[in-house]
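Participant: If you read the protein sequences in the order shown, they are chains A and B.
Per full-length UniProt numbering, residue 1 is the first one in the first sequence, and the count goes up by one each step.
Per full-length UniProt numbering, residue 1 is the first one in the second sequence, and the count goes up by one each step.
Careful: at least some of the hints might be erroneous.
As the list claims (entries may be wrong) - Straight-line C-alpha distance at most 30 Å; calculated DSSO-like pairs for lysine-lysine: (1) B:K58 to A:K105; (2) B:K108 to A:K58; (3) A:K105 to B:K208; (4) A:K104 to B:K204; (5) B:K58 to A:K108; (6) B:K111 to A:K91.
In case anyone wonders, no lab produced these hints; they're calculated from the structure.
2 protein chains.
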Amino acid sequence: MRQGEHGGDIHEVANYLGVPASDVYDYSSNVSPYPIDISVDKSALSRLPEPYSRTLAKAFAEKYGYDEKMVCITAGTTEAIDIICRIFAGKSACIKNPTYADYKKFCKNNKITVRNSLPVELYFICNPNNPTGQTCPREFLPTYFKTSPSTLFVIDESYMPFHIDEPMQTLMGEKLDNIAILRSFSKIYGLPGLRLGAVIANEKLIEKMKNQMSPWSVNSLAQSAGLELLDVDTAPIAKRLNDIKVQFLKELESIDFLEAVDSDVNYMMCKMKRGTSDELFRHCLNQRVLIRDCSNFEGLDNRHVRFAMADDMSPLLEALKSF
Amino acid sequence: MRQGEHGGDIHEVANYLGVPASDVYDYSSNVSPYPIDISVDKSALSRLPEPYSRTLAKAFAEKYGYDEKMVCITAGTTEAIDIICRIFAGKSACIKNPTYADYKKFCKNNKITVRNSLPVELYFICNPNNPTGQTCPREFLPTYFKTSPSTLFVIDESYMPFHIDEPMQTLMGEKLDNIAILRSFSKIYGLPGLRLGAVIANEKLIEKMKNQMSPWSVNSLAQSAGLELLDVDTAPIAKRLNDIKVQFLKELESIDFLEAVDSDVNYMMCKMKRGTSDELFRHCLNQRVLIRDCSNFEGLDNRHVRFAMADDMSPLLEALKSF
Numbered sequence: 001m002r003q004g005e006h007g008g009d010i011h012e013v014a015n016y017l018g019v020p021a022s023d024v025y026d027y028s029s030n031v032s033p034y035p036i037d038i039s040v041d042k043s044a045l046s047r048l049p050e051p052y053s054r055t056l057a058k059a060f061a062e063k064y065g066y067d068e069k070m071v072c073i074t075a076g077t078t079e080a081i082d083i084i085c086r087i088f089a090g091k092s093a094c095i096k097n098p099t100y101a102d103y104k105k106f107c108k109n110n111k112i113t114v115r116n117s118l119p120v121e122l123y124f125i126c127n128p129n130n131p132t133g134q135t136c137p138r139e140f141l142p143t144y145f146k147t148s149p150s151t152l153f154v155i156d157e158s159y160m161p162f163h164i165d166e167p168m169q170t171l172m173g174e175k176l177d178n179i180a181i182l183r184s185f186s187k188i189y190g191l192p193g194l195r196l197g198a199v200i201a202n203e204k205l206i207e208k209m210k211n212q213m214s215p216w217s218v219n220s221l222a223q224s225a226g227l228e229l230l231d232v233d234t235a236p237i238a239k240r241l242n243d244i245k246v247q248f249l250k251e252l253e254s255i256d257f258l259e260a261v262d263s264d265v266n267y268m269m270c271k272m273k274r275g276t277s278d279e280l281f282r283h284c285l286n287q288r289v290l291i292r293d294c295s296n297f298e299g300l301d302n303r304h305v306r307f308a309m310a311d312d313m314s315p316l317l318e319a320l321k322s323f
Numbered sequence: 001m002r003q004g005e006h007g008g009d010i011h012e013v014a015n016y017l018g019v020p021a022s023d024v025y026d027y028s029s030n031v032s033p034y035p036i037d038i039s040v041d042k043s044a045l046s047r048l049p050e051p052y053s054r055t056l057a058k059a060f061a062e063k064y065g066y067d068e069k070m071v072c073i074t075a076g077t078t079e080a081i082d083i084i085c086r087i088f089a090g091k092s093a094c095i096k097n098p099t100y101a102d103y104k105k106f107c108k109n110n111k112i113t114v115r116n117s118l119p120v121e122l123y124f125i126c127n128p129n130n131p132t133g134q135t136c137p138r139e140f141l142p143t144y145f146k147t148s149p150s151t152l153f154v155i156d157e158s159y160m161p162f163h164i165d166e167p168m169q170t171l172m173g174e175k176l177d178n179i180a181i182l183r184s185f186s187k188i189y190g191l192p193g194l195r196l197g198a199v200i201a202n203e204k205l206i207e208k209m210k211n212q213m214s215p216w217s218v219n220s221l222a223q224s225a226g227l228e229l230l231d232v233d234t235a236p237i238a239k240r241l242n243d244i245k246v247q248f249l250k251e252l253e254s255i256d257f258l259e260a261v262d263s264d265v266n267y268m269m270c271k272m273k274r275g276t277s278d279e280l281f282r283h284c285l286n287q288r289v290l291i292r293d294c295s296n297f298e299g300l301d302n303r304h305v306r307f308a309m310a311d312d313m314s315p316l317l318e319a320l321k322s323f
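So here's chain A without its partners, still in its complex pose (with noise of 0.2 Å):
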C-alpha cells in the first residue's frame, strides 16, 4: 500500500496490515499523543445540536477577547476553510507552497485562481506551518496583512499551541479587519474525532460564514467537550512534546540519512539523503511504523517525510536505524 492524500488514515493501514488499529504505532498524524479526558454527556445527543454553537463561540469569544460576534465555531478547521473558500469562489487566492493540502483543494472545488504572491483577494498562511513546522515572525505579520487591506489573510494557527512561545507568537488578540484566524481542538487537545474548530474575524465575515453553513454541523457531544476544553491549561502539553522533539534530534544525529529541518512544533520534516520517501513509509509499514510520505506535498518531493512526536518514540526510531 501507498501514502493516501493525508497522513494519519491509521484505519486503511490496520486493516492492510490485518491488525486492530490500537497496534499501529502513528507518528503521521500531527495530534497530540495526550488527549483529554473530557466527560460524555450521552443525554446531548437526544437533541439537535444548539445551532452555530452559540455557548461555545461565546465562552470562546470571552475567553480570548473577542466579541461573540466575532467568533465562528466549525465542524473543525476543515469546514472553515471550506466555507471561507464558497464565500470567494471564482476569486483568487495565494498559498506558499509547501503547504497544507486543503487549502488548494478547497480552492479548486470552488474556482479561485491559485497564484503566489500578491495581488489576491485571498491568503492563506499556516503558522506554524505543516508539513515544515516553522513560524513567521509575529512582529512581521501585521505589518504585512496591512499592505494589502483588500486581501482577506486567513492564519490557520491550528498547530500554534504546539508552540512553547505561544502568547508571544499567536495572533489571536488581534483586531484587524483583512484577517480570519483559525484555531483547531483537534490537535492540541489530542481529539481529532471530535471535529471542532473555531474562525475569528470581523463580524461580516462571520455573518457571512454562517449564512453558508449548516447550522448544526457541529454535533452536540463536541459542543459541551468544547467548553470544558477551554479550561485546559495546554503549555504543559506543549512543554512534554518539545522536550520529546529536543531528545528525539538527538537521536536523530546518529542516523545519518535523514537531516530535520528546524521545527517550533510537535511534528518534523526531514529530508532524506538516500533513498525515497515511499521506500521508508512501506519500510516503516512493515514495523507497524506509520509516517508521514511527504511527496505529495506541492513544492515537496519524494526525499521528504514528516514524523510528529509521540510519547515513545522507540518503535520509529528502530525502524529508521535498520533502513
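Dock chain B against chain A, hints included.
Facilitator: Leaving out everything else, chain B in the frame of chain A:
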C-alpha cells in the same frame, strides 16, 4: 420571543424562559422521543475519523442490498442536501411547497433557480413530507422518475422509518440511475445530536459528492454509533408513536379551533380556525410548551402549526385547551 428559522431550538427557548432545556416540553422537533442508548467509546475521539466513514458505508450498503460505491455517509441529511446543491450549482430545481425549508436555502446559496414543475435538473421530494406528514404513494414514484431521465430526483426519506408501513412505502432497494435517496440517523433513533445521515445514489454522483465533502465531516463517535444503530429494529418505535398519534387525534376532537391534516408519521400539521400560529406559539411557550409555528413555511400562512408526538402529550393538550 418568536419562532426561529427551524423548530426545536429548545436551547434558545430555555434561555428565554430562564429554565434548563430539560424543563421545556418540546413538540416542535420531529425526532423520536425514545433515544437509542448507544455505547460511547471515548477512545475513538483520539483518532481522526475514518475517511468517508467507509466501514459504516459498507455496513449500511449491505443492510439495504446496495454496492458500497452507491453509499455516501454525511454529517446529517443537511450536509447531503448542501453537497448535492453544490454539485448542481447554477442549474434549476423543483421544490413543491410546503416542504422542508433547507432545500430552498441551499438552492439559493448555490444560485439554483427554483421552479415548481419539470423540466428541471434537480427535484426535491420529502417523503413523507415535512410539515404535512403525507407520503407520495410508492407505486407512483418510479414511473414518474422515468418520465424525466435527465432529472436527479432527491427523495428525502428522513421520516420514512416512522411510517408504520415503511417496507411497502420506502424506495430503499431501488437502483434507478436518476434518484438519490436520503436517510437520517437523527430522527427515528432520537439522536439529532449525532449528525449522521446517508445518501444512496448512482456511483458517479456518490464519487462527485465525496470530491466535494471533507473526508472527516462525520465525528468518530457518530461513526461507531451508526454501526450500532443499524442493528436496531425501528418498527416498534414507529408503532408506539403511531399509537400515541391515534390517541392524540381523539383528544384533538374536543379542541374546536384545530383541524388536523392526516399524517403518516410522528408529527401532525393542524390548521387553526381562530387565532394565529404566533399567538398559539407564545401561549404555549408560557406553559413551557414548545410547538412549531409553520407560518414561515413557503405555501403556508399564520394559521398552521405542527406538533410532534412525545411520550407525554398532556402538557401540550392542556396548553391547547386553554387557548
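Participant: Are the Cα atoms of A:K105 and B:K208 separated by 30 Å or less?
Facilitator: Holds - the C-alpha atoms of B:K208 and A:K105 are around 14 Å apart, at most 30 Å.
Participant: Given the hinted pair A:K104 and B:K204, is their alpha-carbon gap at most 30 Å?
Facilitator: With Cα atoms ~23 Å apart, A:K104 and B:K204 stay inside 30 Å; holds.
Participant: Given the proposed pairing of B:K58 with A:K105, does the C-alpha separation stay at or below 30 Å?
Facilitator: Distance of about 26 Å is within 30 Å: holds.
Participant: Given the hinted pair B:K111 and A:K91, is their alpha-carbon gap at most 30 Å?
Facilitator: Holds: B:K111 and A:K91 sit about 17 Å apart, inside 30 Å.
Participant: Has the given pair, B:K58 with A:K108, been kept, meaning a C-alpha gap of at most 30 Å?
Facilitator: holds, 29 Å
Participant: Given the hinted pair B:K108 and A:K58, is their alpha-carbon gap at most 30 Å?
Facilitator: This hinted pair holds, its Cα atoms lying about 29 Å apart.
Figure legend: structure checked against the earlier numbered hints; every hint is met.
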